[in-house]
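Number of protein chains: 2
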Amino acid sequence: MEFKQFKEFSSEMIDYVGNYLENIRDRKVLSSVKPGYLRPQLPAEAPNDPENWKDVMLDVEKLIMPGVTHWHSPRFHAYFPTANSYPAMVADILSDSIACIGFSWISSPACTELEVVMMDWLAKMIGLPEIFLASAGQGGGGVIQGTASEATLVALLGAKARVLQQLKQANPTLVDADIVPKLVAYSSELSHSSVERAGLLGGVLLRALATDGEHKLRGDTLREAIIKDRADGLIPFFVVATLGTTSCCSFDRLDEIAEVGVDENIWVHVDAAYAGSAFVCPEYRHYTKGVELVDSFNFNPHKWLQVTFDCSAMWLKNPNHVINAFNVDPLYLKHELEGQMPDYRHWQIPLGRRFRSLKMWFVFRLIGVANLQKSIRKDINLALDFAKRVEEDPNFELFNEVTMGLVCFRIKGSNELNETLLKEINDRGKVYMVPSKVKGTFFLRMAICSRYTQIEDINFTWNEVQESGKAVLSKQ
Amino acid sequence: MEFKQFKEFSSEMIDYVGNYLENIRDRKVLSSVKPGYLRPQLPAEAPNDPENWKDVMLDVEKLIMPGVTHWHSPRFHAYFPTANSYPAMVADILSDSIACIGFSWISSPACTELEVVMMDWLAKMIGLPEIFLASAGQGGGGVIQGTASEATLVALLGAKARVLQQLKQANPTLVDADIVPKLVAYSSELSHSSVERAGLLGGVLLRALATDGEHKLRGDTLREAIIKDRADGLIPFFVVATLGTTSCCSFDRLDEIAEVGVDENIWVHVDAAYAGSAFVCPEYRHYTKGVELVDSFNFNPHKWLQVTFDCSAMWLKNPNHVINAFNVDPLYLKHELEGQMPDYRHWQIPLGRRFRSLKMWFVFRLIGVANLQKSIRKDINLALDFAKRVEEDPNFELFNEVTMGLVCFRIKGSNELNETLLKEINDRGKVYMVPSKVKGTFFLRMAICSRYTQIEDINFTWNEVQESGKAVLSKQ
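Chains as they are written, first to last, in this note's numbering: chain A, 193 to 668; chain B, 193 to 668.
Be aware that a few hints might be false.
It does not matter which identical chain is used: a pair holds within one copy or between any two.
[Stated by the list, open to error] In silico DMTMM-like pairs for lysine to aspartate or glutamate, Cα to Cα no more than 25 Å straight-line: (1) K481 <-> E237; (2) K526 <-> D207; (3) K246 <-> E204; (4) K420 <-> D370; (5) K622 <-> E528; (6) K629 <-> D404; (7) K566 <-> D577; (8) K566 <-> E237; (9) K316 <-> D447; (10) K631 <-> E204; (11) K196 <-> D218; (12) K196 <-> E214; (13) K615 <-> D370; (14) K196 <-> E406; (15) K662 <-> D619; (16) K246 <-> D207; (17) K226 <-> E656; (18) K196 <-> D207; (19) K360 <-> E214; (20) K246 <-> E200; (21) K316 <-> D247; (22) K615 <-> E528.
Keep in mind that the hints were calculated from the coordinates and are not lab data.
So that you can see chain A by itself, here it is in the shape it has in the complex (with noise of 0.2 Å):
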């Protein structure tokens, strides 16, 4: 394809994009295709000749849109936001464009530079203290990983290999396999599945801990189960606290958990994947309290930023731990100016990197902080709307208290009745829902996930809700 026929086809596309995002209300949320149902439609194999591109444009809306959940549509209200903005989508043709691979600072300095910055920016714009800013030279900075799991484990591996290196260097006698056996980690029961998945692929024990009436863990559940376990005689290291569970967005009481941690020396993680971006507005900062002890903080600007995907956003006090844990240098990789910017293949678990902070950097400049921080605002208030409906309905109840952009809800009554009643919903097809269970009680999760969502389609959605109850109630 030559340059000319790209600059016909890209202005194509960027009509059907922006068209498609501006009209998304009136697409049809959740696919109805069956599974299956795209194969029959394609060729068995790649042609051997090139087709024409408006062939393949028409494709797109015939055989693609058909099988798309359209997760910007304002009527999705399912999982967490993921991010859409038009800045993020320039900054990414640009970056395929340039398309390096930015595993050293040498294979494109700019890659690696405009990242350490970006980072700093972001640290600041959501209150980080100046230890996690590379800035501050203490050794502390930030880097992208790919999302919020590859961040747990990446933070679970350096905790690893510290509390390895500390327990050798005590009594040089020890081996790993001495240690690692006994190994133990701890998250919230609530934590994100991504959590005990990290567990499992480093191999160690995660214990899942009992949170508390308002679903948060606290310090002194955790230091109780360091206790046990230590006079059972293992080895805890590591903890991660969740600042807005995937579940139902409680927020562990990290001012606690970050003391335990420092008394008992073990690794304290936050995962603060969707309700990170929050902190850009100060008045949700209060959950970060104890941060400045913490050893590494995560949260997803592609979740809630207008970042789009992926970026997922972690700082390191110390990344030491990590780089001795994953350095394994081949001469090919190696270059002169190694030690004066960081090299960041040492700080993921992949080698290849994408230049993502350019999507940071755009969003940043064209959106600006007081947008970001209205655009949360907005969303968090369109969830109290959406929650003072359900708590004037005789019908419905709450779940938990509403913060952030996600409301848990419930049709008074049974699990199975709230069972049917999200199938009922789902069924209608006019807005999509997934659900939750928590200590028992299942229920109904409505997240505001789209930059398109008004108050209209609140009401829209609460509608909806009304309907589907009445429909289940008179069935029952």
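Use these hints to put chain B onto chain A, whose structure you have.
Frame of chain A, contents of chain B only:
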């Protein structure tokens, strides 16, 4: 940013990146900035109010481009290629606008289904046996991973899950801690650094085995290592065969290794990260002899097949071992139609994933198989042409036979002389290469990386090498 502004901004960006790529030969391939060049030129924090996109465009050329190492310059010969093509870039615009997170079938059916079909198309394009195709209905299938590093780690963890299951089934009194410390994996001493890292991350011993005179791992070497390790009470469970090593593009003897794998019941994973793309040309498929016997196969279309990063293609004969190792399913991710199509979250380390199969679909349809073959053959012919000049010059010699787009060569003389030569070449700043060292011999790697590279560029590069050679010889 509104749609109208997005159209203007993206239109200007499309012009900019097209001009950047079409004139990339004019830019200095290796950036000459010093570490820390960027921070003093940027504000200390993000702006509160939005800026004008025209200012951002100006800063791209002024601040970013001086720090870019131009991977798509025809004078870039370092590392291995990374892909770049117009169809893939347009596909990414679409992917960024749909911006679904395809962790399960229901979360966006088209995202999963196009990937299943594209992985079948690609398997056919490189001549993989039918057992790896989803359409064969034998349980096998493909998945897009982010990088070959992740694919290797996923394969290793799948193999670990399989051996644990087999041994615990045979002897129900065994627990993981009885087995894991005894596990041993193998690769060639020239396998990629990510293989060693997968061993580290997976918490198992990885043994790097000696290669033969042609730098290939042989079956007998593997068999002897397995026999010795078993005699020492260890449990061999996994081997990585590399097709096209990063060091010198040597090919392990897959035919022999696969046979040993079957005989000894160990999981064979093929890492063909770079060279795998060449298998679209039937004349290179002899390297894959034995592939019908392996458990997993991986290569990177994002290296040499015009699909932009990230797109690492992996096939598994029986994905259930990986699925069992990774499956930790909370209620909010479950859906009614599970099992009818893959839920790719169980096939990978992260939870989230982009709609990457669009890039494959656009590239395969708009470039076509014949042109992809032509492009591979062009690159290999350019490498062979360069190799011929090395052989014809009495001052230079090849390190090994050239079979793909990589020439490993040296100036006749000591390692130190070759280190000086490389420094001279890169300091002149007109072409960029990295070195490697195999069995004590230091040499230079000249990889054909850009789709713009033509014979004139090879003339240019060879001239740079000759001039640099004269300079270092005259200083001796």
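These are the hints, each one checked on the structure:
{"no.": "1", "hint": "K481 <-> E237", "verdict": "between (56 Å within a copy, 23 Å between copies)"}
{"no.": "2", "hint": "K526 <-> D207", "verdict": "neither (44 Å within a copy, 35 Å between copies)"}
{"no.": "3", "hint": "K246 <-> E204", "verdict": "both (9 Å within a copy, 22 Å between copies)"}
{"no.": "4", "hint": "K420 <-> D370", "verdict": "both (20 Å within a copy, 24 Å between copies)"}
{"no.": "5", "hint": "K622 <-> E528", "verdict": "between (58 Å within a copy, 18 Å between copies)"}
{"no.": "6", "hint": "K629 <-> D404", "verdict": "within (16 Å within a copy, 58 Å between copies)"}
{"no.": "7", "hint": "K566 <-> D577", "verdict": "within (16 Å within a copy, 60 Å between copies)"}
{"no.": "8", "hint": "K566 <-> E237", "verdict": "between (48 Å within a copy, 18 Å between copies)"}
{"no.": "9", "hint": "K316 <-> D447", "verdict": "within (20 Å within a copy, 56 Å between copies)"}
{"no.": "10", "hint": "K631 <-> E204", "verdict": "neither (51 Å within a copy, 54 Å between copies)"}
{"no.": "11", "hint": "K196 <-> D218", "verdict": "between (33 Å within a copy, 20 Å between copies)"}
{"no.": "12", "hint": "K196 <-> E214", "verdict": "between (27 Å within a copy, 11 Å between copies)"}
{"no.": "13", "hint": "K615 <-> D370", "verdict": "neither (51 Å within a copy, 46 Å between copies)"}
{"no.": "14", "hint": "K196 <-> E406", "verdict": "neither (59 Å within a copy, 46 Å between copies)"}
{"no.": "15", "hint": "K662 <-> D619", "verdict": "within (15 Å within a copy, 76 Å between copies)"}
{"no.": "16", "hint": "K246 <-> D207", "verdict": "both (13 Å within a copy, 20 Å between copies)"}
{"no.": "17", "hint": "K226 <-> E656", "verdict": "within (24 Å within a copy, 59 Å between copies)"}
{"no.": "18", "hint": "K196 <-> D207", "verdict": "both (17 Å within a copy, 10 Å between copies)"}
{"no.": "19", "hint": "K360 <-> E214", "verdict": "neither (59 Å within a copy, 56 Å between copies)"}
{"no.": "20", "hint": "K246 <-> E200", "verdict": "both (10 Å within a copy, 22 Å between copies)"}
{"no.": "21", "hint": "K316 <-> D247", "verdict": "between (47 Å within a copy, 23 Å between copies)"}
{"no.": "22", "hint": "K615 <-> E528", "verdict": "between (60 Å within a copy, 10 Å between copies)"}
Violated hints for the displayed structure, listed by number in ascending order: 2, 10, 13, 14 and 19.
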